[in-house]
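Protein chains in written order, with my numbering: chain Y, 1 to 527; chain B, 1 to 527.
There's no promise every hint is true.
In this list, chains with the same sequence are indistinguishable; a pair is considered to hold if it fits within one copy or across any two.
Taking lysine-lysine pairs in the DSSO-like style, the calculated list, with each CA pair at most 30 Å apart, reads [what the hints assert, rightly or not]:
{"hint": "1", "residue 1": "Lys488", "residue 2": "Lys422"}
{"hint": "2", "residue 1": "Lys447", "residue 2": "Lys82"}
{"hint": "3", "residue 1": "Lys82", "residue 2": "Lys526"}
{"hint": "4", "residue 1": "Lys364", "residue 2": "Lys465"}
{"hint": "5", "residue 1": "Lys426", "residue 2": "Lys447"}
{"hint": "6", "residue 1": "Lys460", "residue 2": "Lys447"}
{"hint": "7", "residue 1": "Lys364", "residue 2": "Lys52"}
{"hint": "8", "residue 1": "Lys285", "residue 2": "Lys152"}
{"hint": "9", "residue 1": "Lys320", "residue 2": "Lys152"}
{"hint": "10", "residue 1": "Lys58", "residue 2": "Lys364"}
{"hint": "11", "residue 1": "Lys82", "residue 2": "Lys134"}
It should be emphasised that the hints constitute simulated quantities derived from the structure, not laboratory data.
Protein chains: 2
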Amino acid sequence: MSQIRLYDTTLRDGTQAEDISFLVADKVRIAEMLDDLGIHYIEGGWPGSNPKDIAFFKEIRNISLKQAKIAAFGSTRRARVKPEDDDNIRTLIQAEPDTITIFGKSWDFHVREALRISLEQNLELINDSLVYLKQHVGEVIYDAEHFFDGYKANPAYALQTLKAAADADVDCIVLCDTNGGSLPFEIADIIDDVRKHISTPLGIHAHNDSECAVANSLTAVEHGAVHVQGTINGFGERCGNANLCSIAPALTLKMNRPCMTEDQLRQLRIASRTVYELANLVPNKHQPYVGNSAFAHKGGVHVSAIQRHPETYEHIRPEKVGNLTRVLVSDLSGRSNILAKAEQFNIDLDSKDPVTQEILETIKNLENQGFQFEGAEASFELMMRRALGTLRHFFSVLGFRVIDTKRHGDDNPLSEATIQVKVGGKIEHTAAEGRGPVNALDHALRKALEKFYPQLKQMKLLDYKVRVLPAGRGTASITRVLIESGDKNSRWGTVGVSDNIIDASYQALIDAIQYKLVQDYAADKKE
Amino acid sequence: MSQIRLYDTTLRDGTQAEDISFLVADKVRIAEMLDDLGIHYIEGGWPGSNPKDIAFFKEIRNISLKQAKIAAFGSTRRARVKPEDDDNIRTLIQAEPDTITIFGKSWDFHVREALRISLEQNLELINDSLVYLKQHVGEVIYDAEHFFDGYKANPAYALQTLKAAADADVDCIVLCDTNGGSLPFEIADIIDDVRKHISTPLGIHAHNDSECAVANSLTAVEHGAVHVQGTINGFGERCGNANLCSIAPALTLKMNRPCMTEDQLRQLRIASRTVYELANLVPNKHQPYVGNSAFAHKGGVHVSAIQRHPETYEHIRPEKVGNLTRVLVSDLSGRSNILAKAEQFNIDLDSKDPVTQEILETIKNLENQGFQFEGAEASFELMMRRALGTLRHFFSVLGFRVIDTKRHGDDNPLSEATIQVKVGGKIEHTAAEGRGPVNALDHALRKALEKFYPQLKQMKLLDYKVRVLPAGRGTASITRVLIESGDKNSRWGTVGVSDNIIDASYQALIDAIQYKLVQDYAADKKE
Numbered sequence: 001m002s003q004i005r006l007y008d009t010t011l012r013d014g015t016q017a018e019d020i021s022f023l024v025a026d027k028v029r030i031a032e033m034l035d036d037l038g039i040h041y042i043e044g045g046w047p048g049s050n051p052k053d054i055a056f057f058k059e060i061r062n063i064s065l066k067q068a069k070i071a072a073f074g075s076t077r078r079a080r081v082k083p084e085d086d087d088n089i090r091t092l093i094q095a096e097p098d099t100i101t102i103f104g105k106s107w108d109f110h111v112r113e114a115l116r117i118s119l120e121q122n123l124e125l126i127n128d129s130l131v132y133l134k135q136h137v138g139e140v141i142y143d144a145e146h147f148f149d150g151y152k153a154n155p156a157y158a159l160q161t162l163k164a165a166a167d168a169d170v171d172c173i174v175l176c177d178t179n180g181g182s183l184p185f186e187i188a189d190i191i192d193d194v195r196k197h198i199s200t201p202l203g204i205h206a207h208n209d210s211e212c213a214v215a216n217s218l219t220a221v222e223h224g225a226v227h228v229q230g231t232i233n234g235f236g237e238r239c240g241n242a243n244l245c246s247i248a249p250a251l252t253l254k255m256n257r258p259c260m261t262e263d264q265l266r267q268l269r270i271a272s273r274t275v276y277e278l279a280n281l282v283p284n285k286h287q288p289y290v291g292n293s294a295f296a297h298k299g300g301v302h303v304s305a306i307q308r309h310p311e312t313y314e315h316i317r318p319e320k321v322g323n324l325t326r327v328l329v330s331d332l333s334g335r336s337n338i339l340a341k342a343e344q345f346n347i348d349l350d351s352k353d354p355v356t357q358e359i360l361e362t363i364k365n366l367e368n369q370g371f372q373f374e375g376a377e378a379s380f381e382l383m384m385r386r387a388l389g390t391l392r393h394f395f396s397v398l399g400f401r402v403i404d405t406k407r408h409g410d411d412n413p414l415s416e417a418t419i420q421v422k423v424g425g426k427i428e429h430t431a432a433e434g435r436g437p438v439n440a441l442d443h444a445l446r447k448a449l450e451k452f453y454p455q456l457k458q459m460k461l462l463d464y465k466v467r468v469l470p471a472g473r474g475t476a477s478i479t480r481v482l483i484e485s486g487d488k489n490s491r492w493g494t495v496g497v498s499d500n501i502i503d504a505s506y507q508a509l510i511d512a513i514q515y516k517l518v519q520d521y522a523a524d525k526k527e
Numbered sequence: 001m002s003q004i005r006l007y008d009t010t011l012r013d014g015t016q017a018e019d020i021s022f023l024v025a026d027k028v029r030i031a032e033m034l035d036d037l038g039i040h041y042i043e044g045g046w047p048g049s050n051p052k053d054i055a056f057f058k059e060i061r062n063i064s065l066k067q068a069k070i071a072a073f074g075s076t077r078r079a080r081v082k083p084e085d086d087d088n089i090r091t092l093i094q095a096e097p098d099t100i101t102i103f104g105k106s107w108d109f110h111v112r113e114a115l116r117i118s119l120e121q122n123l124e125l126i127n128d129s130l131v132y133l134k135q136h137v138g139e140v141i142y143d144a145e146h147f148f149d150g151y152k153a154n155p156a157y158a159l160q161t162l163k164a165a166a167d168a169d170v171d172c173i174v175l176c177d178t179n180g181g182s183l184p185f186e187i188a189d190i191i192d193d194v195r196k197h198i199s200t201p202l203g204i205h206a207h208n209d210s211e212c213a214v215a216n217s218l219t220a221v222e223h224g225a226v227h228v229q230g231t232i233n234g235f236g237e238r239c240g241n242a243n244l245c246s247i248a249p250a251l252t253l254k255m256n257r258p259c260m261t262e263d264q265l266r267q268l269r270i271a272s273r274t275v276y277e278l279a280n281l282v283p284n285k286h287q288p289y290v291g292n293s294a295f296a297h298k299g300g301v302h303v304s305a306i307q308r309h310p311e312t313y314e315h316i317r318p319e320k321v322g323n324l325t326r327v328l329v330s331d332l333s334g335r336s337n338i339l340a341k342a343e344q345f346n347i348d349l350d351s352k353d354p355v356t357q358e359i360l361e362t363i364k365n366l367e368n369q370g371f372q373f374e375g376a377e378a379s380f381e382l383m384m385r386r387a388l389g390t391l392r393h394f395f396s397v398l399g400f401r402v403i404d405t406k407r408h409g410d411d412n413p414l415s416e417a418t419i420q421v422k423v424g425g426k427i428e429h430t431a432a433e434g435r436g437p438v439n440a441l442d443h444a445l446r447k448a449l450e451k452f453y454p455q456l457k458q459m460k461l462l463d464y465k466v467r468v469l470p471a472g473r474g475t476a477s478i479t480r481v482l483i484e485s486g487d488k489n490s491r492w493g494t495v496g497v498s499d500n501i502i503d504a505s506y507q508a509l510i511d512a513i514q515y516k517l518v519q520d521y522a523a524d525k526k527e
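Just chain Y, same shape as in the assembly:
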């Protein structure tokens, strides 16, 4: 069986998604990462459509990739121009990619309505564009846009368009479910028929509008496709493209069609998260294989089974894709979850210890107030240590004030904070400015505490999230702040809840600092 080739279009089709836009530097970074991951083709953009994409192709030529080929995307020539006189085709060649992919129309309706040419002219235009490109670049791929819709409307004509491409000796013909409307059994039947007429290697390009993009891609492979297009995390226009983060492990681990090495597959989760980070999007927790919840267990029955035999409730070993089994803390959870957490934190806790019950009740209370410890494990650990009476008292805050002032004409308000802390017997009263009230408060707090705990200088605030919980449930609306902090060794999340955003932020900040001091104190004791 031929090896499956993965063709990534995160940098082109992925950026068609609402919310997604990459700087050229981001695109280069993603390309290097995809190369490390073993992706065979990286579609960098449509050089004819915008200057950002041209810049990418220029920059990527200076990078030596391990194995990935760089592909440029474009369209067949315009109706009344020769290929050599077509600006779009010229720009494609000038981008100097390893591979050129162009799309053409398979659906008679589009030929008439969008191109406004005859069906015959469309066949010529597909064929001569491809013939011309084959003379100028090592590898040419043909994307048959709207192929499945076109086939459903007029199968004979849709097949003729593929023949026009096959006759140009293209290296691969990719069947596109452009509108994402097809279902897996339709894909199977149509590809079976295509293979009776076309011997060129086939590929699949699926969109997720029917929530079937991954299934459609895997079904296409099962029916003979050898080239799969998709994006990291399924980014893409409307409902997204086929998600390579779900396709690669299914092919490799379940379908015996390995397309990544074990080492590469283990990088899958980090690759997924890097792309989210560069796109500045919050990762989808529930994403298959790589999401934070993909191997997270909440039900008490599941948790105790998982601890004995992970295969009871896990379809693959999460480590294979760089993920982890997690046990969640929640109001559905039982004693076994709390004990599993304690073990993770190296806290000695016995299931018969009444403090276990107390912790369970504290969690329920706090969750009712709007707290959520998923994503704020440091706050959870501090809460456990508080219940056990093993939390060291490092400092107390006597009070603070934050003032934001803006006068007409100022660009930004001025934010300043004053704070009084007590460490041992000493009182420290400081003031600081900041970008915004929370930042000012953070500065003042650190300034006061760093005198006593200089290691706080290593700690950084990495992420700050605010969630306003909806009102109308009988109580006033509530703000939940999640803070992610880090030092050179680790990252940790803390949470604060209040009807006042400053207070919620303050709680999460205090927990973040306290956690840092607890960790360092424990490390010092060990040495």
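Guided by the hints, dock chain B onto chain Y, whose structure is given.
Below, chain B alone, put in the same frame as chain Y:
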């Protein structure tokens, strides 16, 4: 062909998801909505597992539903107890549901490792639990847990467990892909084999760990299943359950197996959003059929095609599921997007007008600064009107100050704001308190402006979102605030961006108020 029955388990399996928990009142509200939607079965919970679920069954008995049956979920009896002496089974009957669904083990590995009984004993336990339940309730459904994994490991035994259920004359046998590891072609082959041995109506219960839950469910129907279990929005443990919001329209609109009326299908989007709202989760924009981006078009080529023929890039008419076509504003967009937006806002704009180019450049600039108008269309409209010079000047702010103070022992900081506004020639200087600095600023601003514009009293702040854009891209980190406001007629979104959260919030607040005044002024002029 038998009609497909939809079985919703949002209230039971859905709540196994990380982050999801419903109050009893929420559960009742969701059940009524599912009934309106035409869902055939509503699984309310596992009465044996927690008091919240018992409370739901009690409350739902007082509600008269149109057609949905209420199902209670539980397990087969314990190993060494008779069905009539099993607490779990007793509690199920006491809940007085229309239908009882119990699960049993199909996988020999689980029988040995989890139940620790013989394979034969497991068959007895399945059979006599079901026989007993059939005597006490009108309809009994059997969920064959881990059926597909069990079949793959030991097909003969997995089929025997189904026979044990079929012999008890159950109304439906549901094949569960509990770990979500199966692929659609496996589902197809296995169901084909099951149908050779079992004549009881079959159902499917799929999880999304392979990103194939919807495809697997539809494939099961294609191969003869007549009962489909799933949840609204695909909520569920780990990667979620099969998403009924994608299954129902595919069955009805694409597979000619209608399971909802046209009117019910049109409520799909609102049902999806209501469940997100009650679960207090941000809706998934890219969700097929019902998401905000599901019919959103960004690429310039697509936009002009869509305006002529929606079927060119839309797999179904969005109105059929209560959704809408949207045209996005972004740095990939061209003139045609701006013109489409102008038309939507009833702004007269000509494609040749140089102001169109100016608006495009302004958008690019603002997007570079971190602005995002997706979700903040009111700010976008104001920006267009500003560029055209048709924005009325309603007020100006001369300055403000916000002070938050907390002393040791206080529950919450005290937040107060002072503000100076100028309307016409008059200066108004006011002060107000609030829950948090933004709330205080909002109060002070309204207090000052309501004197001149009493209609602002009808306006409410509905949602407030803060996004901290990551730093490390050469500039300092930036905060983006999105505010959603509403009055009795409509809702609108505004945006502010600054390195100071107070300033970003202030910008979005000012836009929200200005938008309200613009709308009311236009409405007054019409009357």
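Results for each hint:
{"no.": "1", "hint": "Lys488 x Lys422", "in the structure": "within (27 Å within a copy, 51 Å between copies)"}
{"no.": "2", "hint": "Lys447 x Lys82", "in the structure": "neither (70 Å within a copy, 68 Å between copies)"}
{"no.": "3", "hint": "Lys82 x Lys526", "in the structure": "neither (75 Å within a copy, 55 Å between copies)"}
{"no.": "4", "hint": "Lys364 x Lys465", "in the structure": "both (23 Å within a copy, 26 Å between copies)"}
{"no.": "5", "hint": "Lys426 x Lys447", "in the structure": "within (14 Å within a copy, 44 Å between copies)"}
{"no.": "6", "hint": "Lys460 x Lys447", "in the structure": "within (14 Å within a copy, 39 Å between copies)"}
{"no.": "7", "hint": "Lys364 x Lys52", "in the structure": "between (51 Å within a copy, 13 Å between copies)"}
{"no.": "8", "hint": "Lys285 x Lys152", "in the structure": "between (36 Å within a copy, 29 Å between copies)"}
{"no.": "9", "hint": "Lys320 x Lys152", "in the structure": "between (39 Å within a copy, 21 Å between copies)"}
{"no.": "10", "hint": "Lys58 x Lys364", "in the structure": "between (57 Å within a copy, 23 Å between copies)"}
{"no.": "11", "hint": "Lys82 x Lys134", "in the structure": "within (15 Å within a copy, 75 Å between copies)"}
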